[in-house]
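Visitor: Here are the chains, one letter per residue:
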Amino acid sequence: MNTAGIVMRLAWRNLWRNYRRTIIMLMAISIGAWAMIFMIAMLRGMVGDMIRDGINALPGVVQVHHPDYRDDPSVENLITMPSGEIESVFKEAQIQYFSPRVRVPAIVTSERASRGVTLVGVDPAKESLIQAVGSNIGEGRNLESVDDSGVVIGHRLANKLETSVGKRIVLMSQDRNNEVVDRGYRVIGLFTAKLPAQEEMFVFSGRTVVQKMLGIGDAVSEVAVSGPDYKLVEPLVQEVRQIFNGSEEVLSWQELDEYLSAMMGIIDGFVFVWIVVIFLALSFGLVNTLVMAIFERVREIGLMLALGMRPASILSQIIVESVFLLLIGLAIGNVLAYVTMLMLPAGIDISDLADGMELMGASDVLHPTINVKDIIIVNTFVLFLGVLASLSPAWKASRYEPVEAITKV
Amino acid sequence: MTAIRCINVCKTYHQGRDEIKALDHVDLAIDEGAFVCVSAPSGGGKTTLLNAIGGLDMPDSGEVWIGDTRIDQLNKGELAELRLRHIGFVFQAYNLIPVLTARENVEFVMEVRGVPSVERQKKSREILQEVGLEDLEGRRPAEMSGGQQQRVAVARAIVTDPSLVLADEPTANLDSKTSEGLMDLFAKLNKDHGTTFVISTHDRRVMAHARRLVKMLDGCIVEDIRQKGT
Chain A
57 MNTAGIVMRL AWRNLWRNYR RTIIMLMAIS IGAWAMIFMI AMLRGMVGDM IRDGINALPG
117 VVQVHHPDYR DDPSVENLIT MPSGEIESVF KEAQIQYFSP RVRVPAIVTS ERASRGVTLV
177 GVDPAKESLI QAVGSNIGEG RNLESVDDSG VVIGHRLANK LETSVGKRIV LMSQDRNNEV
237 VDRGYRVIGL FTAKLPAQEE MFVFSGRTVV QKMLGIGDAV SEVAVSGPDY KLVEPLVQEV
297 RQIFNGSEEV LSWQELDEYL SAMMGIIDGF VFVWIVVIFL ALSFGLVNTL VMAIFERVRE
357 IGLMLALGMR PASILSQIIV ESVFLLLIGL AIGNVLAYVT MLMLPAGIDI SDLADGMELM
417 GASDVLHPTI NVKDIIIVNT FVLFLGVLAS LSPAWKASRY EPVEAITKV
Chain B
21 MTAIRCINVC KTYHQGRDEI KALDHVDLAI DEGAFVCVSA PSGGGKTTLL NAIGGLDMPD
81 SGEVWIGDTR IDQLNKGELA ELRLRHIGFV FQAYNLIPVL TARENVEFVM EVRGVPSVER
141 QKKSREILQE VGLEDLEGRR PAEMSGGQQQ RVAVARAIVT DPSLVLADEP TANLDSKTSE
201 GLMDLFAKLN KDHGTTFVIS THDRRVMAHA RRLVKMLDGC IVEDIRQKGT
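Just so you know, the sequences run in chain order A and B. Under this note's numbering, think of the first position of the first sequence as 57, with each following residue one higher. Under this note's numbering, think of the first position of the second sequence as 21, with each following residue one higher.
Hints in this document: simulated from the structure, not taken from any laboratory. For glycine and all other residues, C-beta sits at the position ideal for the given N, C-alpha and C. You may find that some hints are simply not true.
What the hints assert, rightly or not - For the chain A half of the interface with chain B, some residues (derived, Cβ under 10 angstroms), not all of them:
1. 222
2. 223
3. 367
To be verified - If you anchor each label on the Cβ, the simulated ranges turn out as follows:
4. A:429 with B:146: 49 to 57 angstroms
5. B:240 with A:344: 43 to 51 angstroms
6. A:64 with B:32: 40 to 48 angstroms
7. B:228 with A:60: 42 to 50 angstroms
8. A:344 with B:32: 33 to 41 angstroms
9. B:193 with A:65: 26 to 34 angstroms
10. B:204 with A:452: 37 to 45 angstroms
11. B:228 with A:80: 37 to 45 angstroms
12. B:146 with A:60: 23 to 31 angstroms
The task is simple: from the sequences and hints, build the whole structure.
Guide: Here you go:
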């Protein structure tokens, strides 16, 4: 007995029988779906930005260090392979985006103030390829070569030091003999970063200049390696590990920054909780709508049962009606969410809250990011739970005794 | 051949502390092709009897047979199948599914039975023509009069050529002219299709159409009259 046709037709027409109620319910589902997708997109965007910014601050999705460097990031723990050799082996391995650099703790002093910073000796050509912190010059110019003896500092650091482009600052650190070394540098550019803390933390100069100051020859502290997608980091880690063959520590960004890595897991938890909370609110409306619809149709259901329709078909009819309602509501919600994204090409400016967000490592502009996987999860979840919620009223309807239902007043 | 047999059927309802005997040791046999009216005052047990015969309600004791099938021992699914395949129903009111058109209502039982669309449409159009509603096939119940709705219900009841049609006070909500028309239709269908009709009523004009009149009182059959000239 194939009752699919009549079940579908009855479900569809019954859906529009009380169209006001259906429209209100559709609005609830649509807004719920929109809120789920959009809020998840905001969360994903925020966390994605945090991770990308964090990786830029590291920088790179993979880093190579001396095995003891992370415990003691001084000039004593440098990579044994000189920078020239690193360049040739990476080129041989056809890894394009890498940057050997010197990175040491230092004190920066202007004529008015001093601060603790991280001095980074870089090859500007390579840094621009991995789009690291310091690439975005707001004032002055960027470093031009590994021999550039100027420094690029963040806007905020310049403000704190009360210095500006063209003025001189002094950087102090330790050499391999634990002797204090210092050198005067001219500020040639001010960079901007999404995270204000980065603007205060880093001072960039030409790599060779820093190597000379620290007396470390051709040695570097780290090699930052970047890839096309921060999520697909494992193959890159394996490739770089092969290059160094166990002599150095090769770590992915997840291992380097467990906070960032944990954010990835936390966001999935947030997404789940968010979906459940919104669905719970929705389910009350859905169940109420179905219960009311069934209550209004008791005699009709009795009639169909009396005429020989099986209880399973009655059950299917109510569930299909609920599925129609959910599918239409979800479709509208999805379109609304997509349109909302289109309307926010530049993201959402939360600069008023940015100081607070900075504590979490988030930037002051949120870029909602639609993730196909999240859309599928939201729709499947709502559809599945919606059907589950409608099972009880549908079951009740299918259990009516025809003779009692048909005489119900 | 016997179409319906009720043997010592009893059914009791409880209303608060009161016990109402709706069927009190009812014995009844109805032949195939019969046109029977069951009459009783309100609460006399006629609807309960029709529900028991139609497998809509289970008796407390006794046996109910439709042809060779003892239906009081069937489960819900088997009863639904029996109703679908062998019995046409016309109820007193609320006979049609409001969201379906007249033709779709007529086709409903056929569609549930899995009859192909082309055959369904052909049969439903023929039967609507037979009940004089061919012009109203696209109308929904709310757009039809009570009499027209009852005729659609009759068309639905007979479109699958059931062996038995059970009509529970089919004229209760109709004016006399419409009632007369409906009874003429029943009589014609009984004659032309050989369908067994069992009609419950307390309308004397309906009773006048029956070849057999079963009178009930307080759940008992008190009179069983074979009428001539109908």
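Visitor: A separate judgement is required for each hint: does it hold in the structure or not?
Guide: Each hint, compared with the structure:
no.: 1; hint: 222; in the structure: violated (81 angstroms)
no.: 2; hint: 223; in the structure: violated (82 angstroms)
no.: 3; hint: 367; in the structure: holds (7 angstroms)
no.: 4; hint: A:429 with B:146: 49 to 57 angstroms; in the structure: holds (56 angstroms)
no.: 5; hint: B:240 with A:344: 43 to 51 angstroms; in the structure: holds (47 angstroms)
no.: 6; hint: A:64 with B:32: 40 to 48 angstroms; in the structure: holds (42 angstroms)
no.: 7; hint: B:228 with A:60: 42 to 50 angstroms; in the structure: holds (45 angstroms)
no.: 8; hint: A:344 with B:32: 33 to 41 angstroms; in the structure: holds (38 angstroms)
no.: 9; hint: B:193 with A:65: 26 to 34 angstroms; in the structure: holds (27 angstroms)
no.: 10; hint: B:204 with A:452: 37 to 45 angstroms; in the structure: holds (42 angstroms)
no.: 11; hint: B:228 with A:80: 37 to 45 angstroms; in the structure: violated (53 angstroms)
no.: 12; hint: B:146 with A:60: 23 to 31 angstroms; in the structure: holds (26 angstroms)
The structure does not agree with the numbered hints 1, 2, 11 stated previously, though it agrees with the rest.
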